[in-house]
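In order, the protein sequence lines correspond to chains A and B.
Using the numbering used here, you'd call the opening residue of the first sequence number 1 and step up by one each time.
Using the numbering used here, you'd call the opening residue of the second sequence number 1 and step up by one each time.
Just so you know, these hints were derived from the structure itself, not from any lab.
Hints may contain errors.
Derived CB-CB ranges, DEER-like [as the list claims (entries may be wrong)]:
hint, chain 1, residue 1, chain 2, residue 2, range
1, A, A344, B, I120, 50 to 58 Å
2, A, D317, B, I120, 16 to 24 Å
3, A, G25, B, A29, 23 to 31 Å
4, B, G136, A, R554, 53 to 61 Å
5, B, A205, A, P323, 49 to 57 Å
6, B, R247, A, D82, 33 to 41 Å
7, B, R82, A, S141, 41 to 49 Å
8, B, P189, A, P75, 45 to 53 Å
Computed, partial: chain B to chain A, Cβ under 8 Å [as the list claims (entries may be wrong)]:
hint, residue
9, Y13
10, N14
11, E70
12, M192
Because the structure is a prediction, the values reported are computed rather than measured.
Even for Gly, the Cβ is constructed at its ideal location relative to N, Cα and C.
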Amino acid sequence: MAAFVRRADLDFLLFDWLDAEGLTGRARFADHGRETFAAALDTAEAIAARHFQPHNRKADIEEPRLENGRVVVVPEAKAALDAFREAGFFAMEAAPEAGGMALPHLVAQACFGVFDAANIATASYPLLTIAAANLIESFGSDDQKRRYLPAMRAGRFFGTMALTEPQAGSSLGDVRTTATPAGDGTWRIKGGKIFISGGEHELSDNIVHLVLCRIAGAPPGPKGLSLMLVSKYAVGDDGSLGRRNDVALGGLIHKMGWRGTTSTVLNFGERDACVAELVGEPGRGLAQMFQMMNEARIGVGLGAAMLGHAGYLAALDYARTRPQGRPADAKDVTRPQVAIVEHADVRRMLLAQKAYSEGAMALCLYAARLVDDSRTLPDADARAHAHRLLDVLTPIVKAWPAEWCLEANKLAIQVHGGYGFTREYPVEQFYRDNRLNPIHEGTNGIQALDLLGRKVTMQDGAALADLLARIDATAARAAAEPALQDMAGALDAAARRLDRVTQAARAAMAGGRAGAALANASAYLDLAGHTVVAWLWLDQTLAALRLPDGPLPRGKRAACRWFFRWELPKCAHWADLVEQLDGSVGETDPDWL
Amino acid sequence: MKVLVAVKRVVDYNVKIRVKADKTGVETANVKMSMNPFDEIGVEEAVRLKEAGVATEIVAVSLGVPQCQETIRTALAMGADRGILVETDQVLEPLAVAKLLKAVVEKEQPGLVVLGKQAIDDDANQTGQMLAALLGWPQATFASKLAIDGDKADVTREVDGGLETIRIPLPAIVTTDLRLNEPRYASLPNIMKAKKKPIETVKPADLGVDPAPRLVTLKVEEPAKRQAGIKVKTVAELVDKLKTEARVI
Ligand SMILES: Cc1cc2nc3c(=O)[nH]c(=O)nc-3n(C[C@H](O)[C@H](O)[C@H](O)COP(=O)(O)OP(=O)(O)OC[C@H]3O[C@@H](n4cnc5c(N)ncnc54)[C@H](O)[C@@H]3O)c2cc1C
């Protein structure tokens with residue numbers, strides 16, 4: 001079995017490119033050094049290798065099932081999560097007073113990525129738990145923080161995000177689950193949720209559901225939604241677990257991939273006795289959720305990137321050891337076969353996977369570093385600047401890895417030929433697992449609308465201007481390097497084109513043609529995504545120039561060059577569609593399909 | 001009782017080893033390094049002794065380049081109390097390591113020294129034995145079970161054909177085998193605690209030892225590549241091949 005993560009690639013991104021060590025200059029991270037970051041990654045790698053990766057396939061084949069009303073998950077998942085818990089990963093970013101390690105978000109994400117690459121389905125339980133805990137920490141009452149947070153940071157309680165309902169998937173404003181006051185400060189909720197990940201299992205002592213619902217009488221639409229905490233078991237003041245709450249498992253959902261995570265239908269209040277607590281302010285449920293969205297979406301993007309990476313490593317290992325055929329120009333049929341990595345077309349597929357997956361890892365870790373900057377830069381303006389940049393990048397951070405690392409996984413199968421289509425090799429599972437990422441946490445279609453309809457227009461386009469300024473700075477630095485001059489020019493041209501296209505689309509939207517512009521939003525997302533990733537590839541390659549010569553810096557340059565020659569030119573086509581408000585989609589009547 | 005554990009920085013066991021082009025050794029530049037797995041078992045055993053109230057202090061000792069500090073930090077994060085780095089850029093052979101450790105032991109006066117039975121880079125399996133000889137201490141090598149009973153240690157050893165349990169007086173040398181225990185991970189809170197634990201650095205000269213190599217490496221080569229297997233059609237063909245090609249029957 002090939003390695004699922006290549007540590008040298010992560011180390012390069014963290015230490016040689018994103019200057020993780022520089023973060024130790026900030027008060028919050030002053031106790032850290034490169035050695036503590038590296039040690040955390042070492043432990044993540046060791047636990048992922050020993051406990052997560054070995055049951056990745058088993059959990060796929062032995063999907064969670066119901067037995068006498070109880071959800072059965074492969075036992076290895078619990079052992080893995082116990083090891084994750086004992087090592088302190090649930091609290092990796094929490095302050096030392098809260099039992100945490102106060103890791104920067106950048107390093108914490110890198111650690112998490114190691115678990116994603118090993119077993120994304122088992123890693124989802126802590127992902128959701130950490131996200132739910134962060135919400136409670138940001139918006140919960142002191143009492144809620146006291147009763148739920150320590151147990152979640154210690155990994156004894158797991159969390160869920162219960163948003164989706166049958167009629168409210170992309171359109172969360174249509175959520176119907178209803179909360180009514182019980183008179184004692186708590187609420188009773190009633191309604192059905194679907195697709196809730198980790199909604200039922202026995203991997204933890206308790207499950208804390210964060211449920212999006214509407215307080216009876218609240219206005220329709222997103223502004224009427226509130227966030228309620230529903231604990232599977234009542235939690236006493238002393239932290240003791242009491243009576244089981246009125247949350248019933250309606251059923252398990254059987255999926256194409258990501259099978260180790262239970263996907264549940266949950267019925268709240270079948271007996272009108274589902275006790276809930278309001279988190280934050282009434283009517284602010286969706287807004288509170290969205291405040292945490294930037295981070296959640298980095299998590300999704302990174303998961304996609306790491307699946308792309310794992311698939312790439314498997315394909316690379318296979319291509320180096322599978323003998324087949326002879327060089328295209330070889331005449332002698334009796335000479336031994338060569339490893340398929342010798343064939344240019346196989347190298348093309350490997351380069352593509354490398355460019356997509358390492359480009360996506362760079363994108364997500366860059367965004368994670370912006371999270372740190374938005375929290376810990378000393379200057380308030382600089383923090384706001386980082387936050388704005390993160391806002392505009394977020395739809396790309398979520399959607400680009402999901403789209404292109406799925407493509408990478410497709411190529412990983414292709415490199416394996418027929419063997420890749422079998423369950424003897426891991427790549428078909430990576431593909432199926434990764435197929436979720438364009439769908440959940442806001443579909444890629446919704447991300448495209450968010451990017452073009454909101455993010456690049458907000459504050460009169462200030463966020464896009466910030467982004468373009470950073471792209472220009474990289475292009476200018478690359479222009480001074482003889483080896484990178486061509487690419488510097490190409491990046492600059494792509495940035496100018498993105499700018500012009502955006503202005504044209506904004507003008508159309510302001511002039512009453514929003515529908516025509518947004519009909520091309522997915523082309524805009526591709527255009528912006530590819531431009532951003534080209535920028536980050538050139539920026540990475542600049543950092544690689546400073547390394548001693550060897551396969552890593554050479555590989556970075558090769559993948560960068562490939563991306564600029566084979567991928568970036570696609571932007572011209574996407575730009576045309578948006579700029580011309582192409583009507584081929586928008587003007588097609590549903591009846592004609 | 002004070003316990004001293006020796007921890008060696010080696011190429012990580014997951015790394016595919018590559019021989020240097022000039023055949024003078026294996027490639028270690030840009031290669032992931034970590035603690036010798038047998039030494040991890042040694043640290044774990046010492047920490048368990050401390051948790052059981054038998055050991056009072058654990059000192060982790062590493063010898064070699066400055067980066068061996070990282071290996072000591074790992075030991076500290078697993079539960080050792082302090083570290084000693086004997087710093088040198090010299091290539092260290094088992095005899096030199098044993099002499100240096102002897103000097104450290106004389107200074108620290110531990111009741112027990114735990115080493116890995118071998119390091120996964122050179123597989124020499126000599127250091128513990130040499131150290132015992134130099135100190136004139138009893139030794140129990142290849143330990144799969146260790147129990148301290150007052151000033152004695154009962155050690156179960158993995159020997160050819162089974163297990164042997166011996167009782168030795170302390171102070172003594174114990175070298176670890178794979179089944180002694182399953183080492184813990186360095187947990188995140190303990191990584192932070194380890195940062196504050198002291199590491200003392202000394203040079204071989206401070207210990208009065210000349211660590212210069214006594215052996216000359218002629219060349220290092222890859223093991224011969226395994227030939228791909230074939231499928232035989234009949235038993236007769238198999239027997240024939242075993243006779244004529246493999247020449248084993
Ligand atoms: C494995 C899995 C795990 C999940 N985990 C969770 C979870 O833990 N918690 C949770 O709350 N939810 C979860 N979900 C639900 C997930 O977030 C939704 O499936 C997703 O938001 C899409 O909603 P939907 O399935 O109803 O699709 P729909 O919203 O019906 O979308 C169908 C298609 O129409 C498109 N579309 C919809 N509206 C628009 C529009 N306005 N403009 C343009 N295109 C549009 C979409 O892009 C999509 O292509 C999970 C889903 C899966 C499959």
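Taking the hints in turn, this is what the structure says about them:
A hinted range of 50 to 58 Å is violated for the C-beta pair A:A344 and B:I120, which are about 38 Å apart. Separation of A:D317 from B:I120 is about 22 Å and conforms to the stated range, judged on CB atoms against 16 to 24 Å. Taking 23 to 31 Å as the suggested C-beta distance range, the pair A:G25 and B:A29 conforms, at roughly 29 Å. Between B:G136 and A:R554 the beta carbons are some 55 Å apart, a value that agrees with the proposed interval 53 to 61 Å.
Taken as a hint, the range 49 to 57 Å holds for the pair B:A205 and A:P323, whose Cβ atoms sit roughly 54 Å apart. Against the hinted window of 33 to 41 Å, the Cβ-Cβ separation of B:R247 and A:D82 comes to about 53 Å, which falls outside the hint. At roughly 44 Å, the beta carbons of B:R82 and A:S141 sit within the given window of 41 to 49 Å. Range check, B:P189 to A:P75: Cβ separation about 27 Å, and the 45 to 53 Å hint is violated.
The beta carbon of B:Y13 is not positioned within 8 Å of any beta carbon in chain A (closest approach about 10 Å), and the interface hint is therefore violated. Satisfaction of the interface hint for B:N14 is found here, the shortest Cβ-Cβ separation to chain A being roughly 7 Å, below the 8 Å cut-off. Contact between B:E70 and chain A, as hinted, is supported at the beta carbon level, the nearest pair being about 6 Å apart and thus within 8 Å. Evaluation of the B:M192 hint against chain A yields a held restraint, the C-beta minimum of about 6 Å falling below 8 Å.
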